[in-house]
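*Asks:* Going by UniProt numbering, the first residue of the sequence shown is number 1, and it counts up by one from there.
If you're looking for bench data, these hints aren't it; they were derived computationally from the structure. Misleading hints may appear alongside valid ones.
Said to hold, decoys possible - Between beta-carbon pairs, the in silico distance windows are:
(1) Ser192 <-> Ile388: 41 to 51 Å
(2) Ala386 <-> Asn242: 23 to 33 Å
(3) Ser105 <-> Ala53: 43 to 53 Å
(4) Trp50 <-> Ala120: 44 to 54 Å
(5) Ile388 <-> Leu419: 22 to 32 Å
(6) Arg119 <-> Phe68: 25 to 35 Å
(7) Ala121 <-> Ala386: 20 to 30 Å
(8) Asn197 <-> Ala53: 17 to 27 Å
(9) Tyr117 <-> Leu360: 50 to 60 Å
Since we're looking at a predicted model, the values are computed, not measured. The C-beta atom is built at its ideal place from N, Cα and C for all residues, glycine as well.
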Amino acid sequence: MSESRRLRSRRRPRRHPLDLLGWLVDGSVIGLFLFLLLVSPLPMGGNRDWAWAPMTIVVGALAVAGAFGLGTRRGIDVQPGEARPLALLALCFMLMLGIGALQMSTLAPKTASAAFYARAAAILGSAHAPVPTLAIDASLDVMLKCMACGLIFAFARACCVDRRTARLLLVALLVSALLVSIYAFLGTANHSCFVGNYLKKEGDYSSEYDYCLMSGTFVNSNSFACFLGMALVAAIALISRNQRSRRRYGEYLDENAQPLEWLTLPRLAMAALALIYAGGLLLSGSRAGFAATLAGLAVLAVFLLHGRLRSRRQMGRLVLASTAVGGLILVLAGSAFVQKMSRLPESGNINRVIIWETTLKAIQESPWLGWGLGSFADIYSVLQPAQIPQPNDKAHSTPLETILELGIPGGVIAIASVLLPWWIVGQAAWRRRRHRYLPAAAFAASAVAILHSTIDFSLQMPAIGFFVSALLGMGWAQAFAPSEPEPRPFTERDG
C-alpha cells in the first residue's frame with residue numbers, strides 16, 4: 001500500500017462531546033448575530049423605538065458572549081500590528097460617548113441652550129437645570145444606538161477572522177436585501193404606500209391614482225436605495241471570489257479558468273440577485289443612492305483588479321460586459337430614475353440646501369459642545385426658515401448633523417470613529433492578494449452608505465448603521481488576520 005493510501009486509511013480522532021457542544025454553542029451565537037442583522041431592516045429599517053430597542057438588548061448579550069470567547073474562539077485577543085489602531089479607535093469612540101454624556105450633565109459649562117432652559121423656567125415656574133443638550137431622552141436614545149453599533153463592530157471583528165463567517169456576513173446582507181426587495185416589488189405591484197399600517201406619504205393617499213417610489217420596508221426610497229446598493233456591491237464581490245482552492249504549480253486554477261468553468265451555480269445566483277438589487281435601486285428613483293452605488297462599485301473594481309489585469313484585452317472585456325449589463329438594467333428599470341433626474345431643479349432639492357444653511361447657523365451658535373445628541377429637531381424648530389413650513393428632524397447630512405449635535409470637536413471625533421476603520425479596511429483591500437474580496441467588499445459596501453450619508457441620513461437608519469458596523473468589523477478582522485503561508489514550488493515534496 002502506498003504512503004498516501006496509508007495516510008488516508010488512518011482514522012480521524014473522535015471528537016470529544018464537549019468539543020461538539022462548544023461547536024454548537026459557537027454556531028448558535030454566530031447564527032443569532034447574523035439573524036439579527038438579517039431581520040434588522042424588516043421593521044421599518046429599525047427606525048422606531050419598538051424596533052431598535054430590543055435589537056440593542058440582543059446586541060449587548062452577544063457582546064458579553066463574545067467577550068468570553070463564545071462564537072469567536074478569540075474573545076478580545078489583539079492580533080500583531082492591531083494594538084495601536086485599535087487603541088486609537090477605542091479612544092475616539094469613548095471620547096465621543098464621553099462628550100455625549102457630558103452634554104446631559106450639569107457639570108458641563110453653560111452653552112447657548114441655557115437661554116432656553118431659563119425661558120422654560122420663567123414660563124413653567126421650574127425647569128431642569130441647564131445642560132448643553134435640549135433633549136436628554138433623545139440623547140440617551142442616540143447614545144444607545146451608537147453603543148450598539150460599537151458592540152456590533154467589536155463582535156464582527158472577533159468572529160470574522162474566520163473567512164467562512166465573513167462570507168456568511170455578506171450572504172446575510174444579500175438575503176436581507178432580497179427580503180426587502182420582495183416586499184418592495186409586491187408593494188409596487190399593488191400600488192401600496194405602506195409599511196404595515198404606516199403611510200409613507202404625507203397627506204391623503206389613494207391607491208387608485210397616487211404613486212410612491214419603491215422603498216420596501218424602509219420609510220423612504222433613499223435609504224432603500226442605499227441598502228440595495230450595499231447589497232449589490234456585496235453580490236459583485238462574492239461573484240469575484242475564487243471558489244476553488246486547488247493549486248497547480250503554485251497557481252490558483254480559478255484565476256485561469258475558462259469562461260464556462262467560471263460560470264458556476266453560486267455565481268449565477270449572485271448575478272441574479274445583483275440584477276434584482278440594481279432594478280430596485282433604479283425603481284427607487286434615488287439619485288444620491290445611484291451615485292453612491294456607482295462610486296462603491298468603482299472602488300470595488302479598483303481593489304479587485306489591482307495588479308491583476310495584464311492586458312488591454314482583459315480590460316476591454318470588462319468594460320464591454322459592464323456596459324452591456326448596465327444598459328440592460330437601465331432599459332428594464334430606469335424609467336423612474338430618469339423621471340426623477342428630470343425633476344432635479346425642483347424645490348425639494350433647494351429645500352435641502354436651505355436645511356444645510358440652517359444647520360450651519362445652529363453650529364455657529366453653539367460650536368464647542370453642540371446642542372446635544374438627538375437634539376436636531378428641537379433646535380431646527382427654533383431656527384426653522386420661513387421657506388420650509390414643514391417640521392424636520394434630520395439635517396439630510398449625517399456629518400453636519402453630528403457636528404451640530406456634538407459640537408465641532410466632538411463631531412470630528414465621531415466622524416474619525418467611522419473613517420479610521422474604513423481607512424484600515426481600505427489599506428487591507430489594496431495590499432492583500434489572496435481573499436482580497438472580503439476587505440474590498442467591506443470597504444466598498446460601507447462606502448455606499450458613508451458617501452450617501454453626506455447628503456442624506458442613511459447611516460442614521462439603525463439597520464444600515466448595524467450592517468455598516470458589522471462590515472467594518474469584518475474588514476478590520478481580515479486586515480489583521482494571520483496570513484497564510486505562500487504555496488510552495490511544485491518541486492518541493494514531503495519526505
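*Asks:* Which of the listed hints are broken here?
*Replies:* Result: hints 1, 2, 3, 4, 6, 9 break, sorted rising.
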